[in-house]
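Engineer: Residues per chain are reported as follows:
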Amino acid sequence: MAWDPEILATSVQNGDDEQTVALVKQALQEGVPAMSILDEALVPGIQHLGDLFKDGEVFLPEVLIACRAMDRGVGELKPHLAAGDTHRKGRIVLGTVEGDLHDIGKNIVRIMLECGGFEVVDLGVDVPATTFVDAVRQHSPDILGMSALLTISMTNMPEVIDALDKAGLRDRVKVMIGGAPITREYADQIGAEGFAEDCASAVQEAEKLAAR
Amino acid sequence: MTESTRQRFLDICRFKRTGDLCLLAPWLNDFWMETPEVWVNRGAPAELRDSRSLRAYFEFDHIRVLREIQTGLFMDKRLQVLDRTYVYAIPPILPTYETRKLSEDEHTITLVNEGGQVVRIDKRDPQKMPMYLDHPVKDRATWQEYKKRLSPNDPARFPADWQSYVERMNAKDEPLLLNVGSFFGFLREWMGLEPLLFALHDDPGLIEDMMDTLCEMEVSCLTRALQDIRADGAMFWEDMAFKSGPLISPRMFRQFMMPRYRVITDMLRSKGIDIIFVDSDGGLNQLIPLWLESGINFFWPLECAAGNDAVELRKKYGKDVILGGNIDKRALLKDKSAIRNEVLSKVPYLLETGGYFPSVDHFVPPDVPFENFVYLINSLREVAGLPPLKRTLE
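Protein chains in written order, with the numbering used here: chain A, 2 to 213; chain B, 36 to 429.
It should be emphasised that the hints constitute simulated quantities derived from the structure, not laboratory data.
There could be a bad hint or two in this list.
Unchecked claim - Computed footprint of chain B on chain A, listed as stretches where at least three residues anywhere in the stretch have a Cβ under 8 Å from a Cβ of chain B: (1) 26 to 33; (2) 98 to 110.
Claimed, not checked - Straight-line Cα separation of at most 30 Å, DSSO-like style, residue types lysine-lysine; simulated pairs: (3) B:Lys158 to B:Lys112; (4) B:Lys351 to A:Lys55; (5) B:Lys163 to A:Lys167; (6) B:Lys173 to B:Lys158; (7) A:Lys55 to B:Lys350; (8) B:Lys112 to B:Lys51; (9) A:Lys167 to B:Lys351.
Cβ coordinates follow ideal geometry from the N, Cα and C atoms, glycine included.
Using the sequences provided together with the hints, build the complete structure.
Structural biologist: Next up, the structure:
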């Protein structure tokens, strides 16, 4: 069967990891360049699913299994790709702010970003400002993403921005925030460049910020 | 003689009584553990530290969840961490796990709790939500072991002094709710969210068995309880949505949850219980029609930040839904004007149309100033034509 990126993209969307791996192997055997497999099939497949998720047409389990299929497909490609090819869109340091142990939203965003071509350094939950600052210094990300579910913890977001400022790192990273109580107005108020209305919007927002 | 809270509750639920402000507590009108302490430390009356006094201060109407019948989430467990108490809730497993410390450092203790979860607790603030590191159910083998703790026949599911308990409960003039439990929520407690979401796809048979086990335990215990207890409603807990909507698809809801809900709600209705409550955070707009089809009709907390709008729900579903909550906690962080606007934008309409129990759209967090909460309650009372709280007039 001739190389058909749509079939592979559909396989990713269906979360069929075995078929995804088989199709990637087959394409490589047929001499399809690894970058073409990534760019023409795997990435469009997961991006389409992300759009469906954003529109409420598919749900988290479908996204998770599609990301797993994508991940396994990329695993087959890795020996054929240059370092960094799978994370070409940028690097993001991500965490839930101090005082908040909710990680569902943050984890979904991480999964969506990784599938969307970002390298994610996940700092976990209850992350103090100093840890965010240290991570920015260590990893030089394009974006720092902060999540909060609680009104009482969202007030730690401007403290992180202040800490970045004091450490002389504020100009080196864009800040993106999200979470149930967060609004665009709040992002503007605290000086965050990016705001993700929901998990599904995070990838598009990150792409916009990384492209700036 | 004033009418009993129970009768008011029933009449409001059945749209026979409109305009009545019934501030149910605990649960609907409730607080984070640390909220009263923060308020008292900032000058509020010291009596607020005591939960009964707190409810009395705000003149809340008492509702009772029959947590002594161990079928739901309310098996409160307490663990002493240094000089402070760590309080948490676990699903209804019997026996519970033996608490076991795994490690400790300067600021945290990692332990297996009575629910079998591995949690890391912050010693500086044990009340803070713990970090969940591991869960007891990972696959079919671990489930086979775990399910032994879900027998409906364990005598410990019921109070030892059953007859005395029945007499005391049946004599109450307050609404009594059966503690039905959960399908999605319990499975998440047992497996963790991501493993559960994978398992829904990878091993549906395992999920079916877990839900069937729960369903059989619930029906068996509640049927037995209802031979003696008079209950006015039943309560599910799910927490199965995030800001954008449900954590699983409507298709999965129909496949896995709806048939088991129906078994329980049909049994309840056959016993005359038609007020069936579910607590779920997050955006519920896609879930409400599914729950209605499943026989569940009372929804709380209707978080505003997740797009829930009680006025729209009332217009859309009419008397098919009983609503609670939906007063935006973010307004309480602002000022009196914001609180008043929030109340006036929805509460008069909702009280007048009936079937509504006002509350903040989840437990009141400690960053809400005491004065703002008092102002909220007095604003609600004003809308209902009631005088301000007695204690705030002193």
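Engineer: Under 8 Å between beta-carbons, do enough residues of the stretch 26 to 33 of chain A, three at least, approach chain B for the coverage claim to hold?
Structural biologist: Violated, because only 0 residues of the stretch 26 to 33 of chain A bring their Cβ atoms closer than 8 Å to Cβ atoms of chain B.
Engineer: Given the hinted pair Lys167 of chain A and Lys351 of chain B, is their alpha-carbon gap at most 30 Å?
Structural biologist: violated (51 Å)
Engineer: Regarding the pair Lys55 of chain A and Lys350 of chain B, is the alpha-carbon distance no greater than 30 Å?
Structural biologist: With Cα atoms ~27 Å apart, Lys55 of chain A and Lys350 of chain B stay inside 30 Å; holds.
Engineer: If you count the residues of the stretch 98 to 110 of chain A with a beta-carbon closer than 8 Å to a beta-carbon of chain B, do you get 3 or more?
Structural biologist: holds (count 7)
Engineer: Given the hint that Lys173 of chain B pairs with Lys158 of chain B, does the C-alpha gap stay at or below 30 Å?
Structural biologist: holds (28 Å)
Engineer: Run the distance test for Lys163 of chain B versus Lys167 of chain A: straight-line Cα separation, threshold 30 Å.
Structural biologist: holds (29 Å)
Engineer: Can the restraint linking Lys112 of chain B and Lys51 of chain B be considered satisfied, given a maximum Cα separation of 30 Å?
Structural biologist: violated (39 Å)
Engineer: Going straight from one Cα to the other, do Lys351 of chain B and Lys55 of chain A come out at no more than 30 Å?
Structural biologist: Distance ~24 Å between Lys351 of chain B and Lys55 of chain A Cα, so the pair holds.
Engineer: Within 30 Å, alpha carbon to alpha carbon, are Lys158 of chain B and Lys112 of chain B?
Structural biologist: Cα-Cα ~17 Å, so holds.
The structure does not agree with the numbered hints 1, 8, 9 stated previously, though it agrees with the rest.
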